[in-house]
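There are 2 protein chains.
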Amino acid sequence: MAKKNAFYAQSGGVTAVINASACGVIETARKHKDKIGKVYAGRNGIIGALTEDLIDTGKDSAAAIAALRYTPSGAFGSCRFKLKGLEENKLQYERLIEVFKAHNIGYFFYNGGGDSADTCLKVSQLSEKLGYPIQAIHVPKTVDNDLPITDCCPGFGSVAKYVAVSVREASFDVASMAKTSTKVFVVEVMGRHAGWIAAAGGLASDKDCELPIIILFPEIAFNKEKFLAQVDATVKKHGYCSVVVSEGVKGEDGKFLSDQGVRDAFGHAQLGGVAPVVANMVKDALGYKFHWAVADYLQRAARHIASRTDVEQAYALGKAAVELALKGENAVMPIIARLSDKPYKWKVGVAQLKHVANVEKMMPRDFISKDGFGITDKCRAYLAPLIKGEDYPFYKDGLPKYVRLKNAAVPRKLGEFKV
Amino acid sequence: MAKKNAFYAQSGGVTAVINASACGVIETARKHKDKIGKVYAGRNGIIGALTEDLIDTGKDSAAAIAALRYTPSGAFGSCRFKLKGLEENKLQYERLIEVFKAHNIGYFFYNGGGDSADTCLKVSQLSEKLGYPIQAIHVPKTVDNDLPITDCCPGFGSVAKYVAVSVREASFDVASMAKTSTKVFVVEVMGRHAGWIAAAGGLASDKDCELPIIILFPEIAFNKEKFLAQVDATVKKHGYCSVVVSEGVKGEDGKFLSDQGVRDAFGHAQLGGVAPVVANMVKDALGYKFHWAVADYLQRAARHIASRTDVEQAYALGKAAVELALKGENAVMPIIARLSDKPYKWKVGVAQLKHVANVEKMMPRDFISKDGFGITDKCRAYLAPLIKGEDYPFYKDGLPKYVRLKNAAVPRKLGEFKV
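Protein chains in written order, with the working numbering: chain A, 444 to 862; chain B, 444 to 862.
Any given hint could turn out to be false.
One copy or any two copies: either way a pair holds, since identical chains are not told apart in the list.
[To be verified] Lysine-lysine pairs mimicking BS3-like chemistry, simulated, CA-CA at most 30 Å apart: (1) K839 with K680; (2) K861 with K726; (3) K669 with K680; (4) K804 with K732; (5) K622 with K667; (6) K693 with K474; (7) K726 with K698; (8) K698 with K732; (9) K788 with K732; (10) K732 with K533; (11) K650 with K839; (12) K693 with K726; (13) K856 with K478; (14) K481 with K844; (15) K446 with K474; (16) K770 with K481; (17) K856 with K680; (18) K679 with K861; (19) K844 with K861; (20) K732 with K849; (21) K732 with K693; (22) K669 with K839; (23) K770 with K478.
Treat the hints as calculated values from the structure; they're not laboratory data. From a predicted model like this one, the values you see are computed outputs, not experimental measurements.
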């Protein structure tokens, strides 16, 4: 096998642990210098490849790369940019191959969600067509936890932990205030289509620490009357309650409870602000004093409370991607395969990208309680191991020490390309 | 000195460390059983005293009381209930004395903010008038950091740390996304009148890790044109920016930028939702894609990222309150006195309540940069030590182990009293 360089890029919304995957890719590649030359990263994701804006990760020290494991966000920049079908957008795919050829790149590691898995698959298909060999490996990442085949997605466990911890803390707070003040606390969490993140709010309550929590899932059509009755009954019984609402909750008419009308580059509706909608419903109908929060980026960037399980899996999948490449694999994605719930055991497996691309994994209906407002024991058994363990970053003067890399540019060899 | 029982109550909005003060009070009282008999807590704050709804903290083990140090919220329940002037509300004050007398209470420890300091002072005055001796000691607590004389208030340092850490993390996130997606991230933080919490967002950026952050303080009248110009210039220079906006920001007309029209029991406007207002201004005028978050209770309940300095001071002031009582002091409040910034040194001092009650400490103008959008070095020197050190709670199965006490009721001796 001739020595080739590798290309790595981050795609879509970043997470608390996507850099841990980058760390796994780069550290593992550095251990195989006989087969993998340089590791180039795309500045701002795939756009960096298209515009030949490559970063030489070799300019960063082993210590800096190791610190990626503790640093949230996308160290090389990410982008929301979906390559369309091969026929519609042949120029872009050909440009990718041209850039890879110019920089002797034989390995394409793409770290993203469902859309990126699709791009990754197409790159490998085109490489075959054009006769320039590229091994395309997808490294899964998404806080939404909606990729198929893999038991879970790196990024999700840490958001889940943030949400579970925060809902527990806020519930304790509301309980203290409920006698004369706030009785209902509403927190909005991410999850455009799938309620995995909202479900994690249910973990805040367990047998050691029962808390009255109502969850609004995007999978369950919102019914105002049923919801208000649930809130009222819960407050009457416990004196207060917390409501965890997914940004993606829709009414029975199929419309988002709150839609700002803005769409992102993938054409997805850009949501936010369902918490105040729900909180005001409670106030208007029941008169309970409320508070509401919208976690937004705070939840997915919260490396300070990352799940150790999640960090380990993110790293392991980055490492596995390189190992799969070295084994000659192509158009695949390393995955987490669960071996047992209790004790939690997992191993790295492999999925074919053709089975991954453009498939969304929703919450199974039996993960949501019959009344639609909570999680079942089955869901709890699935979620609980994913938030296990803490993995604190290092601190200096009270603040986490997050690394910023040099991100040194690789000299260009080709002409300009407009994206 | 005849042996007397003690009464302890929590007042107003709770914090991540008010229970650390409770821990300091109870553990210290337990060490002086020759002088202090039982420690009774008011269930739901002062309402518990008025309605003779007392909790016997003696029913909880040393381990449970020690765990208070790691548990956010108010373990005995708090309340928003301000006793009015002695003349207007003599019945209530007399009732307090009656309850204290019935339960042989000689020490009144009141853990709250400015309103509670005022109540505490009045209790001591009335006790003198009615000839029933009560030593009233106020234990400071407020995330708003707006009490006078004390260098800082327990509760603030932990919110400040949460905000500084979260703004750093979210800024890293936005930086990754800015090329094709979000360029402006807006986070709303607490601080009704004083910008201390918003200022803490400025700590996210330091010489090791510079970040483009714009702060909107309640002390600076909001000027839309200047703000938009600042955002535009910052995005043009850095590619993105984070905006930290205090819930209490007012326009030049003196009106809150966002006022839900709801008022709490103290008559304070109940705010929330200024983040979307500001974010939409940016979108409408500049067209930048935005995200926004409202931290609300998540910030003040976030014991998982509490400041070690804050926890130590909260405990120390609870302990000092008991020690002051044992020395025969009355109508006082233990305070934090700063001895030096670097290295940070502090000691516990004492303030007379008559100098504390109903005085609000605002941010000095020279803590805010000339342009009104940032913090000065002087402010940084003040804030930096307060977020120093981590003090993680214990975890089980990925979640913090927060204690819930028995809160066993003390048998009543008096008739009913309506509040």
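Q: Hints the structure violates: just list their numbers, smallest first.
A: 6, 9, 19 and 22
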